[in-house]
Amino acid sequence: MQSLRIRKRQLAAFTAVAIKGGIRDRVLAAIMVVGLLLLLTTPVVAVFSMRQVLALATSYSLSIISLMGLLLTLFIAMGLLAKDLEQRHVYTVCSLPISRSAYLLGKFIGFAVLILWAVVILGCFSAVALFVLERIYPTARGFAWGAFVVGLWFQYWVFLIVGAITVLFSTVATSHFLPLALSVGLYFGGYSAEAVRYFIRTAAGQKELGPAVQWFGNVVYWILPNFSLFDLKNQIIYGVALNARELLLTQTYALSYLAVLLVLSTLAFSRREFL
Amino acid sequence: MKRVLLLLVFALLTVATSVPLTKIRDNKPAEARLGFFPPVPVIKALTADQYQFVSQVISLQCLFYFGSLVEQPGQRPDLQRIYRALYTSTRLDPYNMDAYYFAQSVLTWEPGLSPRVVELLEYGFAHRPWDWYLPFFLSFDYAYFLKDYNKAGEYLAKVAQLKPEIDWYVTLASRYFYEGGSTALALAYLKEMIPTARNEAIKRRMMTRAEALEKILKIEQAIVAYRKRFRRDPKELGDLVNGGVLDLIPEDPYGGSFYLDKDGRVRTTSKLAHGAASSGTHKN
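Just so you know, the sequences run in chain order A and B.
Just so you know, we're using the numbering used here here: the first sequence kicks off at 1 and counts up by one.
Just so you know, we're using the numbering used here here: the second sequence kicks off at 1 and counts up by one.
Worth flagging that the hints you see were computed from the coordinates, not collected in a lab.
For glycine and all other residues, C-beta sits at the position ideal for the given N, C-alpha and C.
Possibly wrong hints are sitting among the right ones.
To be verified - Now the in silico label distances, taken between C-beta atoms and shown as ranges:
id: 1; chain 1: B; residue 1: Thr208; chain 2: A; residue 2: Ala203; range: 12 to 22 Å
id: 2; chain 1: A; residue 1: Val27; chain 2: B; residue 2: Phe10; range: 51 to 61 Å
id: 3; chain 1: A; residue 1: Ala244; chain 2: B; residue 2: Thr17; range: 51 to 61 Å
id: 4; chain 1: B; residue 1: Gly112; chain 2: A; residue 2: Val34; range: 44 to 54 Å
id: 5; chain 1: A; residue 1: Ala203; chain 2: B; residue 2: Thr17; range: 27 to 37 Å
id: 6; chain 1: B; residue 1: Leu7; chain 2: A; residue 2: Val17; range: 38 to 48 Å
id: 7; chain 1: A; residue 1: Val128; chain 2: B; residue 2: Arg76; range: 42 to 52 Å
id: 8; chain 1: B; residue 1: Ala16; chain 2: A; residue 2: Cys94; range: 37 to 47 Å
id: 9; chain 1: A; residue 1: Leu247; chain 2: B; residue 2: Ser68; range: 20 to 30 Å
id: 10; chain 1: A; residue 1: Gly142; chain 2: B; residue 2: Ser68; range: 27 to 37 Å
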């Protein structure tokens with residue numbers, strides 16, 4: 001049994017490796033640059049709006065952050081484990097007297113730090129554009145800056161969960177394509193699960209769908225991460241009031257869901273046989 | 001050298017194909033230009049958390065489509081299709097004010113579409129209860145198009161509550177509801193809308209309509225003066241000129257001609273729409 005101090009050192013070392021790897025990666029830098037350039041076009045897109053320039057600008061900025069964040073998440077999370085497995089780097093690491101859990105968790109923390117930086121940088125760029133637009137096109141209700149920060153925070157948690165899903169699939173997959181495809185599928189599924197459940201509960205859903213399909217839809221809803229909970233765009237764009245209790249529950253849900261994914265990942269990775 | 005030559009050949013080929021392709025695309029029917037939108041649940045499932053932006057893109061697409069066709073002679077935008085696109089847009093994002101504003105500015109004046117626009121606006125007001133514009137639109141639509149003055153009054157009270165500064169309109173509109181002066185009501189409504197319109201195509205459309213309504217109001221006022229002076233109704237607009245209550249019959253900015261219908265109301269062969277004058281058959 002390794003001491004806690006050694007484990008902590010290992011964790012920190014793998015975190016540093018993941019961060020350095022992410023910073024050196026040109027693809028990630030390119031995604032960030034594209035994201036920032038797109039954010040610069042916010043005022044150009046926004047002026048097309050007939051009645052809500054600031055709302056269109058906000059919606060556009062948030063879409064860019066979400067899209068670029070997702071791309072970064074998938075690329076970084078894939079590189080954490082799947083690429084290491086495919087390129088057999090992991091074999092060398094696992095032959096040393098180190099904890100596999102520390103390796104996996106350390107890399108995941110590195111990923112979380114990188115994504116946080118990305119969200120903060122993209123968010124700051126977006127905030128500057130929105131701040132300027134708010135001065136030029138003031139609205140009666142003002143811009144919901146508090147909701148903007150909270151919304152970005154929960155967007156960050158979506159990326160963390162998607163990243164953890166990619167890592168989990170990487171621990172059992174033999175190529176990096178499968179975790180990528182499954183993560184993208186679950187990302188879209190996570191945003192649709194709630195709508196599917198609502199449909200099942202309607203009269204039309206009860207009539208049109210058989211009991212087996214209804215049961216399956218409900219099971220999928222409870223298993224998949226419910227990303228609709230993390231979507232605070234209406235609160236940001238239109239200043240719809242935030243619900244403190246709902247936010248607290250969502251944060252707890254996010255933490256526990258992420259913990260489940262990471263524990264499953266470490267379990268699967270610890271038991272994985274390397275030939 | 002070979003590479004430069006290849007580059008030139010392919011660049012030329014790209015341009016040579018782009019030009020005819022652009023022409024083909026330009027000649028596509030309206031349906032193809034505005035595009036087809038799948039059902040809302042399908043769009044939501046495919047766009048994950050991007051549906052607010054997609055909703056706004058759809059309403060902007062309607063604006064571009066409308067703006068590109070409305071000023072071209074002989075071209076009339078497919079308003080039913082625009083309505084369906086805006087319906088999709090508002091179901092994707094019920095807070096999307098651009099969609100409601102566009103529906104009100106463009107669709108509500110079309111015969112048969114106003115009840116559907118009212119439904120759309122009521123859906124919007126249920127989600128945007130802070131926004132005075134939606135009850136403002138609804139009060140006007142209920143009074144002017146649907147002649148439901150009770151409902152119009154209800155929404156007018158909400159406007160007064162949400163935007164006390166607009167009391168001049170509320171007072172004026174209430175009086176028109178009482179007197180049934182729909183032309184004057186429409187003019188008051190448009191005078192509030194025109195200064196705040198950001199899109200040029202929509203602004204010009206409103207200004208043309210306001211100009212036409214001003215002329216109709218002038219004729220209506222001349223009819224009242226004619227009745228006072230001669231104690232009978234004019235049979236045609238020429239009677240107003242001959243009776244000395246109107247200098248000359250105004251020109252319809254939509255290209256049609258004003259006339260009196262069998263109930264004595266002022267009408268125009270253009271039906272207050274560009275391109276409709278040629279189909280008008282009335283002679284006055």
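Status of the hints after comparison with the structure:
Look at B/Thr208 against A/Ala203: about 47 Å separates their beta carbons, and that is not inside 12 to 22 Å. Checking the proposed 51 to 61 Å range against A/Val27 and B/Phe10 shows it is violated: the Cβ atoms sit about 28 Å from each other. Hint check: A/Ala244 to B/Thr17, Cβ distance near 58 Å, so the stated range 51 to 61 Å holds. Hint check: B/Gly112 to A/Val34, Cβ distance near 46 Å, so the stated range 44 to 54 Å holds.
At about 52 Å, the beta-carbon gap between A/Ala203 and B/Thr17 misses the expected band of 27 to 37 Å. Look at B/Leu7 against A/Val17: about 43 Å separates their beta carbons, and that is inside 38 to 48 Å. A/Val128 and B/Arg76 have their C-beta atoms about 43 Å apart, which keeps the hinted 42 to 52 Å range intact. Between B/Ala16 and A/Cys94 the Cβ separation comes to about 58 Å, which falls outside the hinted range of 37 to 47 Å.
The hinted range of 20 to 30 Å is not satisfied by A/Leu247 and B/Ser68, whose Cβ atoms lie roughly 44 Å apart. Between A/Gly142 and B/Ser68 the Cβ separation comes to about 35 Å, which falls inside the hinted range of 27 to 37 Å.
Of the numbered hints stated above, those contradicted by the structure are hints 1, 2, 5, 8 and 9, listed in ascending order.
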